[in-house]
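There are 2 protein chains.
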Amino acid sequence: MPTYTPPIRDMQFVMHEVLKVADDLKQIPKHADIDADTINAVLEEGGKFAAEVAFPLNISGDTEGCTIDQTTHKVTTPKGFKEAYRQYIDGGWAALACDPEYGGQGLPYVVNGMFYEMLNSANQAWTMYPGLTHGAYAALETHGTPEQKATYLPKMTSGEWTGTMCLTEPHCGTDLGLMRTKAEPQADGTYKITGNKIFISAGEHDMTDNIIHLVLARLPDAPPGIKGISLFIVPKFHVNADGSLGERNGIYCGGLEHKMGIHGNATCQMVLENAVGTIVGQANKGMQGMFVMMNAARLGVGNQSLGLTEVAFQSALAYAKDRIQMRSLSGTKAKDKPADPIIVHPDVRKMLMTARAYADGGRALQVYCSMLLEKEHNHPDEKVRKDAGEMLALLTPIAKAFLTDNGHIATNACMQVFGGHGFIKEWGMEQFVRDNRINMIYEGTNTIQSLDLLGRKVLGNNGATLKKFGKLIGKLVEEEGVNEKMSEFITPVAILGDQMTKFTTEVGFKGFQNPDEVGAAAVDYLRVAGHLVFGYFFARMAQVALREIAAGSTDPFYTAKLQTARFYFAKLFPETATLMRTARTGSKVLMDTDAALA
Amino acid sequence: MPTYTPPIRDMQFVMHEVLKVADDLKQIPKHADIDADTINAVLEEGGKFAAEVAFPLNISGDTEGCTIDQTTHKVTTPKGFKEAYRQYIDGGWAALACDPEYGGQGLPYVVNGMFYEMLNSANQAWTMYPGLTHGAYAALETHGTPEQKATYLPKMTSGEWTGTMCLTEPHCGTDLGLMRTKAEPQADGTYKITGNKIFISAGEHDMTDNIIHLVLARLPDAPPGIKGISLFIVPKFHVNADGSLGERNGIYCGGLEHKMGIHGNATCQMVLENAVGTIVGQANKGMQGMFVMMNAARLGVGNQSLGLTEVAFQSALAYAKDRIQMRSLSGTKAKDKPADPIIVHPDVRKMLMTARAYADGGRALQVYCSMLLEKEHNHPDEKVRKDAGEMLALLTPIAKAFLTDNGHIATNACMQVFGGHGFIKEWGMEQFVRDNRINMIYEGTNTIQSLDLLGRKVLGNNGATLKKFGKLIGKLVEEEGVNEKMSEFITPVAILGDQMTKFTTEVGFKGFQNPDEVGAAAVDYLRVAGHLVFGYFFARMAQVALREIAAGSTDPFYTAKLQTARFYFAKLFPETATLMRTARTGSKVLMDTDAALA
Numbered sequence: 000m001p002t003y004t005p006p007i008r009d010m011q012f013v014m015h016e017v018l019k020v021a022d023d024l025k026q027i028p029k030h031a032d033i034d035a036d037t038i039n040a041v042l043e044e045g046g047k048f049a050a051e052v053a054f055p056l057n058i059s060g061d062t063e064g065c066t067i068d069q070t071t072h073k074v075t076t077p078k079g080f081k082e083a084y085r086q087y088i089d090g091g092w093a094a095l096a097c098d099p100e101y102g103g104q105g106l107p108y109v110v111n112g113m114f115y116e117m118l119n120s121a122n123q124a125w126t127m128y129p130g131l132t133h134g135a136y137a138a139l140e141t142h143g144t145p146e147q148k149a150t151y152l153p154k155m156t157s158g159e160w161t162g163t164m165c166l167t168e169p170h171c172g173t174d175l176g177l178m179r180t181k182a183e184p185q186a187d188g189t190y191k192i193t194g195n196k197i198f199i200s201a202g203e204h205d206m207t208d209n210i211i212h213l214v215l216a217r218l219p220d221a222p223p224g225i226k227g228i229s230l231f232i233v234p235k236f237h238v239n240a241d242g243s244l245g246e247r248n249g250i251y252c253g254g255l256e257h258k259m260g261i262h263g264n265a266t267c268q269m270v271l272e273n274a275v276g277t278i279v280g281q282a283n284k285g286m287q288g289m290f291v292m293m294n295a296a297r298l299g300v301g302n303q304s305l306g307l308t309e310v311a312f313q314s315a316l317a318y319a320k321d322r323i324q325m326r327s328l329s330g331t332k333a334k335d336k337p338a339d340p341i342i343v344h345p346d347v348r349k350m351l352m353t354a355r356a357y358a359d360g361g362r363a364l365q366v367y368c369s370m371l372l373e374k375e376h377n378h379p380d381e382k383v384r385k386d387a388g389e390m391l392a393l394l395t396p397i398a399k400a401f402l403t404d405n406g407h408i409a410t411n412a413c414m415q416v417f418g419g420h421g422f423i424k425e426w427g428m429e430q431f432v433r434d435n436r437i438n439m440i441y442e443g444t445n446t447i448q449s450l451d452l453l454g455r456k457v458l459g460n461n462g463a464t465l466k467k468f469g470k471l472i473g474k475l476v477e478e479e480g481v482n483e484k485m486s487e488f489i490t491p492v493a494i495l496g497d498q499m500t501k502f503t504t505e506v507g508f509k510g511f512q513n514p515d516e517v518g519a520a521a522v523d524y525l526r527v528a529g530h531l532v533f534g535y536f537f538a539r540m541a542q543v544a545l546r547e548i549a550a551g552s553t554d555p556f557y558t559a560k561l562q563t564a565r566f567y568f569a570k571l572f573p574e575t576a577t578l579m580r581t582a583r584t585g586s587k588v589l590m591d592t593d594a595a596l597a
Numbered sequence: 000m001p002t003y004t005p006p007i008r009d010m011q012f013v014m015h016e017v018l019k020v021a022d023d024l025k026q027i028p029k030h031a032d033i034d035a036d037t038i039n040a041v042l043e044e045g046g047k048f049a050a051e052v053a054f055p056l057n058i059s060g061d062t063e064g065c066t067i068d069q070t071t072h073k074v075t076t077p078k079g080f081k082e083a084y085r086q087y088i089d090g091g092w093a094a095l096a097c098d099p100e101y102g103g104q105g106l107p108y109v110v111n112g113m114f115y116e117m118l119n120s121a122n123q124a125w126t127m128y129p130g131l132t133h134g135a136y137a138a139l140e141t142h143g144t145p146e147q148k149a150t151y152l153p154k155m156t157s158g159e160w161t162g163t164m165c166l167t168e169p170h171c172g173t174d175l176g177l178m179r180t181k182a183e184p185q186a187d188g189t190y191k192i193t194g195n196k197i198f199i200s201a202g203e204h205d206m207t208d209n210i211i212h213l214v215l216a217r218l219p220d221a222p223p224g225i226k227g228i229s230l231f232i233v234p235k236f237h238v239n240a241d242g243s244l245g246e247r248n249g250i251y252c253g254g255l256e257h258k259m260g261i262h263g264n265a266t267c268q269m270v271l272e273n274a275v276g277t278i279v280g281q282a283n284k285g286m287q288g289m290f291v292m293m294n295a296a297r298l299g300v301g302n303q304s305l306g307l308t309e310v311a312f313q314s315a316l317a318y319a320k321d322r323i324q325m326r327s328l329s330g331t332k333a334k335d336k337p338a339d340p341i342i343v344h345p346d347v348r349k350m351l352m353t354a355r356a357y358a359d360g361g362r363a364l365q366v367y368c369s370m371l372l373e374k375e376h377n378h379p380d381e382k383v384r385k386d387a388g389e390m391l392a393l394l395t396p397i398a399k400a401f402l403t404d405n406g407h408i409a410t411n412a413c414m415q416v417f418g419g420h421g422f423i424k425e426w427g428m429e430q431f432v433r434d435n436r437i438n439m440i441y442e443g444t445n446t447i448q449s450l451d452l453l454g455r456k457v458l459g460n461n462g463a464t465l466k467k468f469g470k471l472i473g474k475l476v477e478e479e480g481v482n483e484k485m486s487e488f489i490t491p492v493a494i495l496g497d498q499m500t501k502f503t504t505e506v507g508f509k510g511f512q513n514p515d516e517v518g519a520a521a522v523d524y525l526r527v528a529g530h531l532v533f534g535y536f537f538a539r540m541a542q543v544a545l546r547e548i549a550a551g552s553t554d555p556f557y558t559a560k561l562q563t564a565r566f567y568f569a570k571l572f573p574e575t576a577t578l579m580r581t582a583r584t585g586s587k588v589l590m591d592t593d594a595a596l597a
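Taken in order, these protein sequences are the chains called Y and U.
Numbering that gives the first Met the number 0 numbers the first residue of the first sequence as 0 and each following residue consecutively.
Numbering that gives the first Met the number 0 numbers the first residue of the second sequence as 0 and each following residue consecutively.
Hints are supplied without guarantee of correctness; some may be wrong.
No copy labels: a pair is met if it fits in one copy or bridges any two.
[Claimed, not checked] Computed cross-link-like contacts, SDA-like style, restricted to lysine to any residue with a CA-CA straight-line distance of at most 25 Å:
no.: 1; residue 1: K509; residue 2: R455
no.: 2; residue 1: K587; residue 2: I408
no.: 3; residue 1: K587; residue 2: P555
no.: 4; residue 1: K336; residue 2: L175
no.: 5; residue 1: K19; residue 2: D9
Think of the hints as simulated: they come from the structure by calculation, not from any bench.
Take these sequences, add in the hints, and give me the full structure.
So this is what it looks like as structure tokens:
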């Protein structure tokens, strides 16, 4: 069975010792009173919910899955899911980072982010029911009318209602411009919406009285492509003026998908038949609201893989200490046992440390992104808001793709630690691999993320935002350039920073002549950028650890951080050399393959 | 739905044009009459069986799985599996490479190998029922008494009975020295065997009247560890002197495992209660017979991943041509359609070509290994037999680990081509990923393979066999060193060959001082060695293609081979740079992690 203890100390380290979030929050009026103790107390409690309520339902939820009654279109979630959700809203967890205007607790995004990391470790499939609500909430908060906000946000804040994103159709996922769902304007200002959506996570379930669907559709006179898409609120049940539930709306679940993983989450085919909705934002500008949801979802997906990486690591570590098999190559370690615990073997340590390093790096990036989101939305200084928004835009595809690819590597490595037992469902390790696999696909495949990063976020502004990230590295080099002990952590990052500058210029130049060069380099480019970002955070984590040790700390926690950083730079970071090399071989070798792909 | 057409032309290319197997077979008396046409004809027919009989049962077999009646211990395989097996033995397929002495067709191993590639593409779970028999057959053929052979081999040849390998126990997989199953000698020369085995593939099923278990167990006076292990034949039903079936033996299936993949194969917990068996080979020398089975099984596992790589490639290619989504970055390609087929996107091509290249390289290695096996067993010249055996010993861990890791990369890439649909069971792509995942684990995890390669096969003889492989590269350089057109294919292999020599010396030197250095470098080392081997074969495939084109051929098949080789050297081979770099960072950074792994 997997093991999970919320990594509170690791979270505190990143938040308070490395990134000093409380200092930044003091600059933001609505959070000026938040201190580290408050954050820690909330996360302690949140960790208990994750470990004690959500985690025990993970394997059973996977085994049982969701079921649909094809006559009533009702979906039943696995045993215990509904009750856990009731505890979740009773505990006020749904409201954590929501606006107090709608009944929220108004805590910073970073608290919600770390809480969700723990929920994702505990049970990704369950967590998607409340998780999807946040994207819908954000889109409504940004683009909804006052009336829409008043009608829906309080119940979404309390968690009494959940939300969905209805984007994909059978013939279009990435390419939403091909969308066919139609919205017919009615005399009363509402719209009648008809069409078929697929892959709608948490599209139907038995946890709440109502579900608020945010649906993309096309008006009759809409221009073709994504410039003709509008966003609508389509509630499962209409809401009366007094807030009570009215008639059932014409949106229902036509079937559930059979999937590789996240079995506990209902992935629905949604049928809309003259479903009545109201428009969110302007006609034909639905992509704006969609991107609010999508950017939130992308950070959320990265966080899902962070959670899975952490729980896979903890479970494999426990097994590696317990399972005895063979003797250490360098001589017997456990003389009292017939064999040594497998943690004595170098490659077992390599697999474990791979997961540990990707969890630590991923957590730093997630906290950093949460704070950028906070500044973008709530900082009093417009320039800070703008800069934070740009940096977040740069880092979002990295947080999505790099963390989910790392989750793939890490969960597979941790499963491998279990040998044959890793393949057996009861041990729970193969579920982490299966659940993680969707994270590399949904909310924009990782290829799409890489094109977003290189094409739009980097080359789109001539590398200006990337250069700003480079300045953070420059600042660290300035601070620590003469500190010999920091050299092993700073030097590789500084070198890669320089290489990235050249690499970016090269790709930009080639892409200018042939756009396929961008498509050919993008996936490799994103992974290099991911390591640049991780390398920077590992250097900063090492900086804090070295300072604490220099100041006399004997807490092995700091030694652990140094060991992890050293492992990262020795064993994971060097793939950047190959990635830049393969990217430089360009697009010709990919595109001149018509005979091989005949 | 997945698509599969047996890649007969690709097989013929490797067998007849690149490796010229018929020429080698002429040197071997028992195959002197075999020509290319015979091989091709058998494979054509075999391909029909794979594509038309086994393939249609792949998804249904996964969905249905195997079931056990806990009262009778009877196991039922998925619908259609039994009937397909009947067709298989009626067609004489079980007997393909078996000795005519026992009713076999006596065809070369390479024919059976290519036939099994197709079966593995079609249905890995089904293929394991006949597949496991080959290992048991080989162990009996090598170490059995004439009586044992006469009793069991004819029925195993015809496929009327299947075989198993019963090695693993709950507390020991890798470390067979910890084995507890006991064998008590009886007055009549037989043994009564008692113990529990787990993870026994095809351990019980409804396809045949009898199952011949090859069981590792320990005699009462056996020395501890693997030097005290003996091998026994334990039939499910005893066999009377006249060949008819006698009483039920005390070996039965206690339960089936719930697994990530290969659901159609019964992975059994086997209980032995005073099961009567006869010893195979000498007492306490059971590991010899075990290794005969194991080496066959390791090549077989590599072949499983080759099969999955090929079918995943074909399926993803068909989808990429059919699915339209977005426009090409370099301008509209399909003007008559609302979007371009996704094969226009460079990264989609990269994912497809990754699978294609790993299939082509893997097939070359499999054919090469089959021919070495042939020479080792059947060549009239003792020196040839010995050399072939040594080279095969070197290449076996590469064929197992490199091909299965590549299968992981390739099946995941092909699943990714499908976007969200890749995650949905009905499309069949995620099954290839799940089925492949066990290949990296069973018959010795890929870490164990890497230790076998580096520790035993390379450093164990001071790199002598590796140097022989280097000579093959040297010969190619000599032949083609002045051919400018070959330079792009030969130069990287020649350079890597030189680097490997230094790299091996370094690791050997460090390992001499500290054995953990071998454990730390082994996995990276195996992957570099895999690319050296693949690089050599890709250069030889390019050589043939260039010659054909120079001779006037306009067959696009040869262009395809050049494109694939170019892709391989540009995008896949360069990871060797990182692998050697990370291996060189050594064991300290792995072993000094006690705080991080506390």
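The hints, checked one at a time:
no. : hint        : verdict
1   : K509 - R455 : within (16 Å within a copy, 47 Å between copies)
2   : K587 - I408 : between (29 Å within a copy, 22 Å between copies)
3   : K587 - P555 : between (51 Å within a copy, 18 Å between copies)
4   : K336 - L175 : between (60 Å within a copy, 15 Å between copies)
5   : K19 - D9    : within (13 Å within a copy, 59 Å between copies)
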